[in-house]
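Visitor: The residues making up each chain are set out below.
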Amino acid sequence: MLQVEGLTKRFGALIAVNDLSFHVEAGQVFGIAGPNGAGKSTLYNLITGNYSYEGKVVLDGRDISGMPPHRIARRGISRTFQIPEIFPSLTVEETVHVGSRFGSRGGVDVQHASEIIDVVGLGEELYQKTGALNLLGKKKLMIGAALATKPKILMLDEPMAGSNTTEILSLMELIKKINQDLGVTIIIIEHFMKVLTDLAQVLMIIESGTLVCSGKPAEVIQDERVVKSYLGDSYA
Amino acid sequence: MFFEIIDVFISGLINGSVYSLMAVGLTLVYGVTKAFNFAYGSFYVLGGYFAWLLLVRYGVPGGYLTVIVTAVPFFFVIGFLSEKILIAPLRRYGDWEMKVMMLTLGLSLFMDYSFQSVFGPRVKSIPSFTEDIFEFGDFVILHQDIAIFTVSICCMLGLRWVLNNTRIGMAVMATAQNPVGAQIVGIPKDFIYAATFAISTILAGMGGILLCQKNLINPMGGSDIMIKAWVITAFGGMGSIRGSLYAAFILGMLEAFVGWYFGMMYVQIATLTLLLVTLAVRPKGLLGRE
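Line by line, the protein sequences give chains A and B.
No gaps in the numbering here: position 112 of the first sequence is 112 in the working numbering, and each next residue is one more.
No gaps in the numbering here: position 267 of the second sequence is 267 in the working numbering, and each next residue is one more.
Because the hints were derived from the structure by calculation, they are not lab data.
Each hint can be trusted.
Output of the computed footprint for chain B on chain A, the stretches with three or more beta carbons under 8 Å from beta carbons of chain B:
(1) 59-72
(2) 87-96
(3) 142-148
Listed next, the in silico DSSO-like pairs over lysine-lysine satisfying Cα-Cα at most 30 Å (straight line):
(4) A:138 x B:189
(5) A:152 x A:129
(6) B:189 x A:152
(7) B:34 x A:138
(8) A:129 x B:34
(9) A:129 x B:284
(10) B:189 x A:129
(11) B:189 x A:150
(12) A:138 x B:284
From a predicted model like this one, the values you see are computed outputs, not experimental measurements.
Note that the Cβ used here is the ideal one computed from N, Cα and C, for glycine as well.
Make the full structure from the sequences, and use the hints.
Guide: Given below as structure tokens:
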């Protein structure tokens, strides 16, 4: 479904992403982990068209390299951010409607938007201003706005950051529901290995923008290079 | 005395309505794109010359109706192209805000001197909407003033309708609040920036068409109106459309009453004093956000 080939991003002398290649199958939950500064969020910014780069990104056989972010969103790749990026003066319903309206051609798909609000569990906060939601609510709403664009792939950037155990479990359930019930392919960056081992079918570890190891999560976390560069001896 | 006060009040109302048109355009661009447009006053003067060309030079049929109907697409295209060609390329630089300020300042000078070369240094006048007056005892009001007020309010209501009810309006509001978030839901940020600039250029041009009936068209007159629009924008709160509306009517009234009671030479002093006091008490302006 998503093919990334030889992706490289340089910021002056710094190589943030270095000749990275991988592919994501339809319906998969694809996990990405690595130490801080490994280039994970930069990788997201490249795939979603926020930065120019060397290499190629192909979605469903179509080269989307160099497309601007809004066109990539319309092609079917939507994303979230570590800090929830929302529209503070819009209500929950309006925010999801914005996603529905601009994610594809035509007007707001009211029924779909309503289903999405139910999926993310914000039905009771429908008319609440998004700026007034708590962190979990904002995260769920950002996922809802992204889902309203009817994406093929949803890219989540550290969705669990700053959440307590109950919130993490709630978000994990939501991600499973989006993947299994809505059939959306998920790419997720996360530091909580338990989340990745529970959710992902494939886990990729990167360090300094370079691929360290990729494969089934249970095997990846046992890999000597991963333990040494990221998890540490105490994890093993 | 009573009719005099009513007369001054109406004058303030009319000034306020046109100022609101001007200031809302300016604040809209700042609120959405975070760009300071110092060429705004020159687009106002262009509005005056646009009306002069059609009404006086070519005498187009339909009078002001033709002017207003053709001004909307004309100023949209001018504004859209200005943003796309001159401003958008600067956004790739880290300090683009400063570059935009300098560029629009340069554009303003270029436009002002171009007006002088093309139309000559002398001021020009355009005919009024109508010469009729409304009389009620000692009280007199020009139909022209009613027409200016009506067109200004219609423009404001039209803008409000566009922002609240159309696809482009929704995109403008979303981009103003969060340009990054807007892009992830498929909003073309760069197009919205250009469209917003174009809408604000329509408002500036329309302000010129309306106010130049009362104030002559001066090729170098853009700076005065731009300063006034900036004062209103800062007074109301940078980026706040509602704040600009309130500020425009407050300043319109202040100008009218200070000019009537103390004389016109005190108007500018009163305006700037109000701005300074407001900013001292509320640094973000009347309705500015943190």
